[in-house]
Amino acid sequence: MKLLTHNMLTSKCLKGVSVGYPLGINATEVTTSVVDFDPEFISRLIPKLEWHALKQASDIIGEKGYLPEALIADYENNEEFLKKVHHALLEIEVVSGNLVCPETGRSFPINNGIPNMLLNEDEV
Amino acid sequence: MSRPEYLAPPEIFYNEEEARKYTQNSRIIDIQVQMCERAIELLVLPEDQPCYLLDLGCGSGLSGSVLEEQGHHWVGVDIAQAMLDVAVEREVEGDLLLGDMGHGCPFRAGCFDGAVSISALQWLCNADKASHKPIQRLYKFFSSLYACLTRSARAVLQFYPENSDQMELVTQQAMRAGFYGGVVVDYPNSTKAKSFS
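In the order they appear, the protein sequences are chains A and B. Heads up: the first sequence begins at 53 in our numbering, then just goes up one per residue. Heads up: the second sequence begins at 1224 in our numbering, then just goes up one per residue.
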């Protein structure tokens, strides 16, 4: 699971959960890969991100302090910054661990890089 | 051949053996690729722009590979673990989630520039468990899908309706969830290939 996916993922499908965001994240295995850098894609993605959730996830899974506290101004023209966001979003992957619903504490295991978001019938 | 969705629920039907067979069958690959290319055409995405797409019932990532080739990033959801494991083996670029579309799409609002689904929706029309109510599951699916798309996004969902009643069932729930648009019948003489966009 890439941090981009984590940034979009919620547990709101659980019964009684209203927001379910951001999901807590625990990793037992993390890997990094090389993904082609596409500055246009990253620039267009940034307005859709919850920056705080990305920053937090990156601090836990990646290198602490790698991303700034707040989104910088004029990021479209800052290639160095876009490359950092690219790395955090697409190149760091959680291979195993779990995600945790912030409202109920329900845990979703991650195996083989795939979060298991299946719910029991009594949870929906 | 009888329809696979009559035989067992998807997470059971697509076991390791079926997942491998499915992904190695050149006829299936060709059909999936063509269907996905057609779906992308119907998405009418902005030209030459890499988009962030959702692939529902992504299976082993055959359709995802087509999305990648066209320069897009994607997230795939499927209920069959064995299919997703094959996707990991194939080293697809998209991110994968194990999930049941009938429980809703677990994303926050406005994430995706578009959604495709190739030959998966017919599975949602079944009641594989006593607790399954197809109308509710379809509505949950469509309403949560609608929410996680951006305002200008489209969803192109190709599937094989069993009959006109099933087509109607799916269309009604999609409309109820806020989608408009309609059914594109690519092969009018075939009862099999229809897509809803």
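Any given hint might turn out to be false.
Stated by the list, open to error - Simulated crosslink set (DSBU-like; lysine-lysine; CA at most 30 angstroms straight-line):
id	chain 1	residue 1	chain 2	residue 2
1	A	Lys116	A	Lys100
2	A	Lys100	B	Lys1352
3	A	Lys116	A	Lys135
4	B	Lys1352	B	Lys1244
5	A	Lys67	A	Lys116
6	A	Lys100	A	Lys135
7	B	Lys1352	A	Lys64
8	A	Lys67	B	Lys1244
9	A	Lys100	A	Lys64
10	B	Lys1244	A	Lys64
11	A	Lys107	A	Lys136
12	A	Lys64	A	Lys107
Hint data in this document are derived by calculation from the structure and do not stem from the laboratory. From a predicted model like this one, the values you see are computed outputs, not experimental measurements.
Against the structure, the hints come out as follows:
no. : hint                  : result
1   : A:Lys116 / A:Lys100   : 23 angstroms, holds
2   : A:Lys100 / B:Lys1352  : 37 angstroms, violated
3   : A:Lys116 / A:Lys135   : 17 angstroms, holds
4   : B:Lys1352 / B:Lys1244 : 26 angstroms, holds
5   : A:Lys67 / A:Lys116    : 34 angstroms, violated
6   : A:Lys100 / A:Lys135   : 17 angstroms, holds
7   : B:Lys1352 / A:Lys64   : 22 angstroms, holds
8   : A:Lys67 / B:Lys1244   : 37 angstroms, violated
9   : A:Lys100 / A:Lys64    : 18 angstroms, holds
10  : B:Lys1244 / A:Lys64   : 35 angstroms, violated
11  : A:Lys107 / A:Lys136   : 11 angstroms, holds
12  : A:Lys64 / A:Lys107    : 21 angstroms, holds
Going down the numbered hints, you'll see the structure goes against 2, 5, 8 and 10, while the others check out.
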